[in-house]
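S.K.: So you can see what is in the structure, the chains are spelled out below.
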Amino acid sequence: MGRYLLRRLLQLVPVFIGTTFLIYWLVWSVPGDPFAGKCGERPCPDSFVNMMTEKFKLDEPLIVQYGNYMQNLLQGDFGQNYGGREISDIIATSYPNTLKLALVALTIEAVIGLTAGVLTGLRRNGFLDNLVLVSTLFLIALPIFVIGFVAQWLLGVQWGIVKPTVSSEMRLSELIVPGFVLGSASMAYIARLARTSIAENRRADYVRTAIAKGLPMRRVVGVHLLRNSLIPVVTLLGTDLGALMGGAIVTEGIFQVNGIGRQVFRAIVTKESATVVSIVVVLVLVYLLMNLLVDLLYAALDPRIRYE
Amino acid sequence: MSEPSAASIVGTPPAQAPDEIGAPTNAGQPENARKEKPRGLLGDAWRDLRRKPLFWISATFILIFLLMTVFPSLFTSGDPENGDLQNSLVGPSSEAWFGYDFQGRDVFARVIYGARASIVVSLLSVVGVLLFGGAMGIVAGYRGGWVDALLSRIADIFFGLPFVLGAIVILTTFNGSGTSNSKAEIMALVSMSLVVLGWPVVMRLMRSSVLATKEADYIVAARALGASTGRIILKHLLPNCLAPLLVYGTILVGSYIGAEATLSFLGVGLKSPVVSWGIMINEAQNFLRVAPYLLFFPAAFLVAAVLSFVMLGEAVREALDPKLR
Amino acid sequence: MSDILVSEQSAAGASGRPSGRLLEVDDLRVEFRTRDGVAKVINGVTYHVDAGETLAVLGESGSGKSVTAQTIMGILDTPPGFVTGGQVRFHGKDMLAMPFEERRRIRGEGIAMIFQDALSALNPVFTVGFQIAEQFRVRRGMSRSDAKKRAIEMLDQVKIPNAKGRYSSYPHQFSGGMRQRAMIAMSLALDPEVLIADEPTTALDVTVQAQIMDLLAELQRERQMGLILITHDLGVVADVADRIAVMYAGRIVEEANVYDLYAKPAHPYTMGLINSIPRLDEKGQQLRTIKGLPPNLMNIPPGCPFNPRCPMAQPVCREKVPPLLQVGSGRASACHFAEELVNRD
Numbered sequence: 001m002g003r004y005l006l007r008r009l010l011q012l013v014p015v016f017i018g019t020t021f022l023i024y025w026l027v028w029s030v031p032g033d034p035f036a037g038k039c040g041e042r043p044c045p046d047s048f049v050n051m052m053t054e055k056f057k058l059d060e061p062l063i064v065q066y067g068n069y070m071q072n073l074l075q076g077d078f079g080q081n082y083g084g085r086e087i088s089d090i091i092a093t094s095y096p097n098t099l100k101l102a103l104v105a106l107t108i109e110a111v112i113g114l115t116a117g118v119l120t121g122l123r124r125n126g127f128l129d130n131l132v133l134v135s136t137l138f139l140i141a142l143p144i145f146v147i148g149f150v151a152q153w154l155l156g157v158q159w160g161i162v163k164p165t166v167s168s169e170m171r172l173s174e175l176i177v178p179g180f181v182l183g184s185a186s187m188a189y190i191a192r193l194a195r196t197s198i199a200e201n202r203r204a205d206y207v208r209t210a211i212a213k214g215l216p217m218r219r220v221v222g223v224h225l226l227r228n229s230l231i232p233v234v235t236l237l238g239t240d241l242g243a244l245m246g247g248a249i250v251t252e253g254i255f256q257v258n259g260i261g262r263q264v265f266r267a268i269v270t271k272e273s274a275t276v277v278s279i280v281v282v283l284v285l286v287y288l289l290m291n292l293l294v295d296l297l298y299a300a301l302d303p304r305i306r307y308e
Numbered sequence: 001m002s003e004p005s006a007a008s009i010v011g012t013p014p015a016q017a018p019d020e021i022g023a024p025t026n027a028g029q030p031e032n033a034r035k036e037k038p039r040g041l042l043g044d045a046w047r048d049l050r051r052k053p054l055f056w057i058s059a060t061f062i063l064i065f066l067l068m069t070v071f072p073s074l075f076t077s078g079d080p081e082n083g084d085l086q087n088s089l090v091g092p093s094s095e096a097w098f099g100y101d102f103q104g105r106d107v108f109a110r111v112i113y114g115a116r117a118s119i120v121v122s123l124l125s126v127v128g129v130l131l132f133g134g135a136m137g138i139v140a141g142y143r144g145g146w147v148d149a150l151l152s153r154i155a156d157i158f159f160g161l162p163f164v165l166g167a168i169v170i171l172t173t174f175n176g177s178g179t180s181n182s183k184a185e186i187m188a189l190v191s192m193s194l195v196v197l198g199w200p201v202v203m204r205l206m207r208s209s210v211l212a213t214k215e216a217d218y219i220v221a222a223r224a225l226g227a228s229t230g231r232i233i234l235k236h237l238l239p240n241c242l243a244p245l246l247v248y249g250t251i252l253v254g255s256y257i258g259a260e261a262t263l264s265f266l267g268v269g270l271k272s273p274v275v276s277w278g279i280m281i282n283e284a285q286n287f288l289r290v291a292p293y294l295l296f297f298p299a300a301f302l303v304a305a306v307l308s309f310v311m312l313g314e315a316v317r318e319a320l321d322p323k324l325r
Numbered sequence: 001m002s003d004i005l006v007s008e009q010s011a012a013g014a015s016g017r018p019s020g021r022l023l024e025v026d027d028l029r030v031e032f033r034t035r036d037g038v039a040k041v042i043n044g045v046t047y048h049v050d051a052g053e054t055l056a057v058l059g060e061s062g063s064g065k066s067v068t069a070q071t072i073m074g075i076l077d078t079p080p081g082f083v084t085g086g087q088v089r090f091h092g093k094d095m096l097a098m099p100f101e102e103r104r105r106i107r108g109e110g111i112a113m114i115f116q117d118a119l120s121a122l123n124p125v126f127t128v129g130f131q132i133a134e135q136f137r138v139r140r141g142m143s144r145s146d147a148k149k150r151a152i153e154m155l156d157q158v159k160i161p162n163a164k165g166r167y168s169s170y171p172h173q174f175s176g177g178m179r180q181r182a183m184i185a186m187s188l189a190l191d192p193e194v195l196i197a198d199e200p201t202t203a204l205d206v207t208v209q210a211q212i213m214d215l216l217a218e219l220q221r222e223r224q225m226g227l228i229l230i231t232h233d234l235g236v237v238a239d240v241a242d243r244i245a246v247m248y249a250g251r252i253v254e255e256a257n258v259y260d261l262y263a264k265p266a267h268p269y270t271m272g273l274i275n276s277i278p279r280l281d282e283k284g285q286q287l288r289t290i291k292g293l294p295p296n297l298m299n300i301p302p303g304c305p306f307n308p309r310c311p312m313a314q315p316v317c318r319e320k321v322p323p324l325l326q327v328g329s330g331r332a333s334a335c336h337f338a339e340e341l342v343n344r345d
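Chains as they are written, first to last, in our numbering: chain A, 1 to 308; chain B, 1 to 325; chain C, 1 to 345.
Since the hints were made in silico from the structure, they are not lab data.
Just so you know, these numbers come straight off a predicted model, no measurement behind them.
Treat each hint with caution, since some may be false.
Said to hold, decoys possible - Here are the simulated distance ranges between beta carbons:
id : chain 1 : residue 1 : chain 2 : residue 2 : range
1  : C       : 328       : B       : 215       : 53 to 63 Å
2  : B       : 273       : A       : 67        : 39 to 49 Å
3  : B       : 70        : A       : 131       : 19 to 29 Å
Claimed, not checked - Covered stretches of chain A (in silico footprint by chain B; criterion: 3 or more residues with CB under 8 Å from a CB of chain B, positions within the stretch not fixed):
id : segment
4  : 12 to 26
5  : 87 to 100
6  : 140 to 149
7  : 264 to 277
8  : 281 to 287
Even for Gly, the Cβ is constructed at its ideal location relative to N, Cα and C.
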């Protein structure tokens with residue numbers, strides 16, 4: 001087990017380096033002048049450009065800049081952006097908002113997706129089943145910005161049930177609609193996965209055994225069937241947190257949440273490679289670690305799986 | 001939405017598979033089943049499909065959209081690119097069914113012409129994803145060892161990138177505000193970025209299929225009989241992995257139409273003067289209160305297109321999966 | 001052993017009068033409705049078992065022996081399986097007509113079942129001990145620790161070494177034979193009156209098979225249970241069964257005590273089965289088999305279902321279904337020529 005963990009962590013290293021370098025290189029190649037508009041209306045004086053170039057070692061080759069960045073990163077220093085603001089500060093203000101939104105989305109998708117999936121898996125081909133099948137199809141198929149717009153326009157503008165945008169306080173009540181929009185596609189996947197899983201396991205021999213033991217149906221379903229069927233669903237939920245945070249950009253844009261999406265967008269346009277990379281670094285870390293966690297969770301949930 | 005997940009793909013290799021490797025991604029299964037004598041799993045699947053209204057509805061829609069892509073002038077005589085400012089924001093009428101946009105362009109004509117960009121980009125991307133990801137998957141699965149390890153890690157790198165974020169970074173680099181790419185170049189760039197971010201899923205799908213079939217008795221037997229690696233891959237491995245890939249591809253066409261629209265909507269994908277649903281929705285944002293029809297029509301077409309492909313893929317998958325019967 | 005045998009196939013069947021029998025299956029009919037058509041899987045099966053008695057139900061796969069057992073237990077997959085007629089009486093009461101809760105209480109306590117493949121029949125994510133103790137807790141309301149104690153006792157009774165230690169093992173950590181023992185312990189936990197064993201040894205090694213059969217026979221004697229042993233293996237049956245019911249195409253074709261059945265089968269199908277056992281004294285000869293295949297249950301041939309394969313078939317066999325009738329004392333056969341078969345020398 002310990003060795004497995006070590007091997008997995010070691011495998012993460014090249015992926016981590018590869019991802020960050022890729023992003024660093026891409027942002028570095030974004031055409032345009034990083035100092036455009038930094039000095040008011042006029043182009044920046046040469047002295048300022050030289051000073052900045054010196055400070056951020058911009059005349060060094062890409063690989064050296066990346067090396068420097070990673071070196072600082074390992075010491076926990078994200079560095080500064082061209083405006084002199086600490087990047088860790090940007091992260092500290094924007095990340096919690098995105099995380100909050102993603103967690104709300106995750107909760108909503110887990111509750112609704114699981115309920116729908118379990119109910120339809122137990123009773124297939126009924127009215128509810130067809131309703132869930134059709135609505136999940138829509139949720140999966142529709143681009144998130146369409147869902148977002150429709151929700152915002154209908155609930156926010158036309159009916160006035162909720163405020164169309166999220167305030168800076170990020171109240172939970174404000175996050176429900178954006179959370180639903182963000183988690184909509186995953187919700188549909190969860191519902192469908194749970195439905196198939198339940199439907200497949202329903203006919204399993206051990207379920208028959210449980211019935212033959214004379215257990216009440218509540219226990220047959222609630223203990224024997226659910227425990228087995230939910231293993232893949234739980235793992236999907238686990239990996240989804242990273243995906244939700246990374247996919248929040250569109251939702252954040254529509255509902256004007258001050259999350260990482262806005263920061264990334266701004267940073268790309270102003271060629272702030274360090275900022276973009278830093279934000280992505282944290283995202284990728286969350287994503288990779290969640291995946292690892294899910295694999296471990298899998299072993300905990302299913303005694304047949306042993307890692308060595 | 002735009003992040004196609006492998007979770008919905010149930011990989012059930014069919015007992016037999018169509019002979020043509022490069023079959024068209026849309027409706028490839030039933031086409032082949034019709035030509036051959038229906039038998040075995042494919043015959044069953046086709047019999048199943050034929051009875052599903054959902055299949056016929058989505059297939060009809062797809063046909064219409066494909067016609068729109070190739071011959072937009074069949075549907076409209078309007079001009080999608082040039083408008084008369086006098087008509088700015090004039091609502092739907094018998095003259096212009098869907099009204100005019102801010103610049104006085106005929107929305108109906110634009111919606112029809114918009115199909116081309118969306119569908120071409122998504123078809124290109126899907127073909128690219130299937131070919132590239134499939135090839136990588138075959139190599140990784142068949143060669144194994146360090147090749148597999150290397151390719152798998154590279155796939156991890158691209159898989160770890162959040163989809164929208166990755167696309168934004170790639171596209172601002174090559175397609176940013178300062179660039180002056182031609183229409184075709186922009187479309188190729190958008191397709192490329194979708195391929196770059198999408199191939200790991202197909203590679204994993206293919207790799208696991210190959211790993212599963214590689215040790216199957218009939219493959220071992222073929223090898224023992226002296227069949228070359230190339231022949232084994234072409235004649236034995238590929239046909240077995242094809243069905244799940246085609247299903248995935250069909251659904252992916254739908255997802256990528258949505259993804260293209262998302263990127264265009266964000267302002268990093270296709271750009272005017274290209275006509276696309278995503279761009280139209282982007283432009284419509286500002287007139288949501290005065291002219292909601294500007295949002296409604298392109299969105300409706302987009303939704304219909306995405307749904308048709310996803311539904312077709314679903315129908316084919318259900319028909320191919322004996323467990324769901 | 002009983003004298004009055006089945007033969008109530010027709011009129012008296014559905015009356016439901018109490019007969020003092022422990023478990024009776026009476027003219028049971030089950031069909032599977034699939035999209036390819038309706039398969040008539042059980043076509044009027046009648047058998048019974050009493051306390052302390054072992055009934056072997058013999059038949060090849062597809063003959064309906066397992067489906068009958070599933071119908072008794074109430075674990076038939078519906079759909080596609082539907083009971084279309086007949087009764088299953090436990091202590092004279094028709095289980096098929098009982099409310100769900102009443103029927104549930106019979107499971108485990110009145111009738112218990114062990115399955116062919118213990119690996120898939122045991123829940124993979126719970127420990128073996130938990131799955132046994134669960135019954136004591138849910139059905140008997142015992143405390144966690146009492147239930148555990150009783151479960152360990154059960155594991156001990158089925159001769160699992162180090163029962164206490166194995167309590168917290170998962171099914172996949174057991175060997176095949178141990179798993180089947182655990183399965184037996186589980187089914188006997190609530191002290192059932194009837195135990196149905198559905199091919200309990202098919203998935204096991206030959207040496208382990210004998211051990212499991214011995215264990216079953218021993219437990220059956222100790223507890224004076226009625227045991228229904230479902231098998232396709234004539235060899236397994238010979239030592240333990242009191243009576244044998246032979247099934248073919250969803251019907252009982254012959255029922256007799258073990259001695260009579262082996263000595264003088266009263267149905268050509270039984271005869272074919274017995275003849276196909278390889279014998280040591282006929283070394284070098286070709287194995288005798290029954291020609292042909294079992295009938296397609298969606299399209300059972302008219303008349304006697306065995307007639308296309310029967311070496312003795314006459315025109316009457318293609319027209320009339322032979323009822324299961326008494327031949328001689330204490331045995332019954334569903335063959336038009338049963339009397340001649342029994343009376344030949």
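S.K.: Could you run down the list of hints and mark each one as holding or not?
M.R.: Hint check results:
1. At about 58 Å, the beta-carbon gap between residue 328 (chain C) and residue 215 (chain B) stays in the expected band of 53 to 63 Å.
2. At about 43 Å, the CB distance of residue 273 (chain B) to residue 67 (chain A) agrees with the hint of 39 to 49 Å.
3. Evaluation of the 19 to 29 Å hint for residue 70 (chain B) and residue 131 (chain A) yields a failure: the beta carbon distance comes to about 37 Å.
4. For the segment 12 to 26 of chain A, the stated coverage by chain B holds: 7 residues have a C-beta nearer than 8 Å to a C-beta of that chain, and at least 3 were required.
5. Check on the segment 87 to 100 of chain A: 0 of its residues sit with their Cβ under 8 Å from a Cβ of chain B, so the three-residue criterion for coverage is violated.
6. Coverage of the segment 140 to 149 of chain A by chain B holds in this model, with 9 residues showing a Cβ closer than 8 Å to a Cβ of that chain against a need of three.
7. Check on the segment 264 to 277 of chain A: 5 of its residues sit with their Cβ under 8 Å from a Cβ of chain B, so the three-residue criterion for coverage holds.
8. As drawn, the segment 281 to 287 of chain A meets chain B at 3 residues by the rule of a beta-carbon pair under 8 Å; at three or more, the given contact holds.
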